[in-house]
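A.B. asks: Going line by line, the protein sequences match chains U and F.
Start counting the first sequence at 1; every next residue gets the next number (the working numbering).
Start counting the second sequence at 1001; every next residue gets the next number (the working numbering).
Treat the hints as calculated values from the structure; they're not laboratory data.
Please read all numbers here as calculations on a predicted model, not as lab measurements.
Honestly, I wouldn't trust all of these hints.
[Said to hold, decoys possible] Rough simulated footprint, nothing fancy, chain F against chain U, three-plus residues with beta-carbon under 8 Å:
id	stretch
1	76-89
2	97-106
3	113-121
[To be verified] The calculated label-pair distances, taken between Cβ atoms and stated as ranges, are:
id	chain 1	residue 1	chain 2	residue 2	range
4	U	Glu130	F	Lys1103	36 to 42 Å
5	U	Asp55	F	Lys1103	54 to 60 Å
6	U	Asp135	F	Ala1185	39 to 45 Å
7	U	Ser150	F	Gly1268	36 to 42 Å
8	U	Gly18	F	Ala1315	52 to 58 Å
Using N, Cα and C, we set each Cβ at its ideal position, and we do this for glycine too.
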Amino acid sequence: MIDHVLVATALVAGLGGGYLIARSRLRGRRSDHPDTIHQILLPFTGTEVSRRALDAALRLARAEGATLMPAYLAAVPKSLPLECAIPNEARRAMPMLEAIEQRASAQGVGVDARIERGRSYRHALERLLEHETFDRVVVPASTAGATGFSGDDLVWLLRKAPAEVLILRPGPEDQRVIASPSA
Amino acid sequence: MSSGRYKIFLGMAAGVGKTYRMLQEGHAEAEAGRDVVIGYLEPHKREETSAQARGLEVVPRRRVAVRDVTVEEMDLPALLARSPDLALIDELAHTNPPGLTHKKRYEDIADVLESGIDVFSTVNVQHLESLNDQVAELTGVRVRETVPDSVLGSADEVVLIDLTPETLIARLRAGKVYPGENVQAALDNFFRIENLAALREVSLRQVAEDVESKRLFSQDEALGTRQEERVAADAPKAVGERLLALVRPQPSSQRLVRRAWRSAQRLGTDLDLLWVKPPGKPIEGEQERQVTALRQLASVLGATLLIEEHDDLVAAVARVVRERGSTYIMVGEADPPRGLARLREPLPQRLMRATPPGVDVRIVAHRGRKEGER
């Protein structure tokens, strides 16, 4: 009887020890993993954001357990101080941030949104890069043009962003956007 | 001695006829037998305005040397010594040069009122402090001379001098606002239909809010119960309502801020964000990042972020509500209570008991948890 108890105890101790060693190794490997993504930046301008870009950012965030940081970039005219209140821009940004948060929330992705001011969209993005940390940037190339990022802006972003940059090629069928009702 | 009555003629822009109307009413008062003088008039070389001023006594201006030039300003001591029944004082937002009694003309006016003299004065809407950013964004032009909103709130009467944008532009083209050589530049910059339409809307709303706040205030006085008198006396003389949103430095507060801002926009009110921080703990790391984000968001929205260090959330909120004259509190949905906390009265009820009667409390649902609970 005593033998049985001793054998059972040794078995439990062995299994438990093995489990603990395996778990600590697995944890160590995870924490050492250089590609762990915590924050994904999705900058956008104007009155709409590409659904394709948003869905891609959300897919990545969900797969990687990351937080999505949608950032509305506002260009402040030179006649105004850079840090002034911009209620008109905010009126455009708010419904879009709300819609993004709704979609993210439905997919279980956390959101930490920003509205960043600059003299131009690039300047706003530059300011954002200065004081926020993120591991990946998702930029829709479809917004390139008068109201979005130009090709130069994207090249600049690739050079400057201290993170992976994912530029989404526009699809010919991609007309879906999240738009501000005030647009 | 009781203080004088204060009447302000408010306009959406230069040239709508504020000064002209002030002079007209000054004449009417003089004809009714009152002793009326012009304390300060800025006719801007407008013939109609100068003509309207004829027949009214003018208190001579005071000459002040500023660096190498001499400027003429209102002579406050002379006006007080003259002691008329009514003084007409143009452009209350004006900044005085160094060496005079006060920095701003509205402060001179406060002295005049205090000595029992009635005052008529004028101001454009973009000079009001709380509207300065909004007007600057709408028009692209920022004025440096601002006046606190309380100046308008303290007036016994605010008269809006309204003009359609089309009529004002027609007046400008006819050379009735600026001399001929400046007309085209004005039309190309500030005096555009869309600017004037936006300014007109802001002015109309401002006066509507002022009328409403005075109506509510006089109702409180008329009701006259002790409690209502206390509330009326405690409330700062703010223009309109004021929203207070209770936030924490975490991303989920952003939804609450968006909701609060949208409500503030609909009501046309000011928004304050309040974080009651537990005492003693330094703000660092992720919390610091989130506080910076909240501060940025408040700045973008034209809201004010207040950080109060206090170990009693309800007491801190009640104090801020009284100090800021908040009429509406928005709170996020609380985490489900655990243990003994289940026996405690919920936060909204505690807030309603601690704040003055009539302050509404609204709970904003936590979307993330709702989704997760399904």
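A.B. asks: Decide, hint by hint, whether the structure agrees.
C.D. replies: Going down the list of hints, with the structure as the test:
1. With 11 residues having a Cβ less than 8 Å from any Cβ of chain F, the stretch 76-89 of chain U passes the three-residue criterion, so the hint holds.
2. Residues of the stretch 97-106 of chain U lying with their CB closer than 8 Å to a CB of chain F number 6, which satisfies the three-residue condition for coverage.
3. Beta-carbon proximity to chain F at under 8 Å applies to 5 residues in the stretch 113-121 of chain U; the threshold of 3 is reached and the given coverage holds.
4. A beta carbon spacing of about 37 Å between U:Glu130 and F:Lys1103 agrees with the range 36 to 42 Å that was offered as a hint.
5. Taking the beta carbon of each, U:Asp55 and F:Lys1103 are about 57 Å apart, inside 54 to 60 Å as hinted.
6. At roughly 51 Å, the beta-carbon separation of U:Asp135 and F:Ala1185 lies outside the given 39 to 45 Å, and the hint is violated.
7. In this structure the supplied range 36 to 42 Å holds for U:Ser150 paired with F:Gly1268, their Cβ-Cβ distance being about 38 Å.
8. For U:Gly18 and F:Ala1315, the hinted distance range of 52 to 58 Å is satisfied, since their beta carbons lie about 55 Å from each other.
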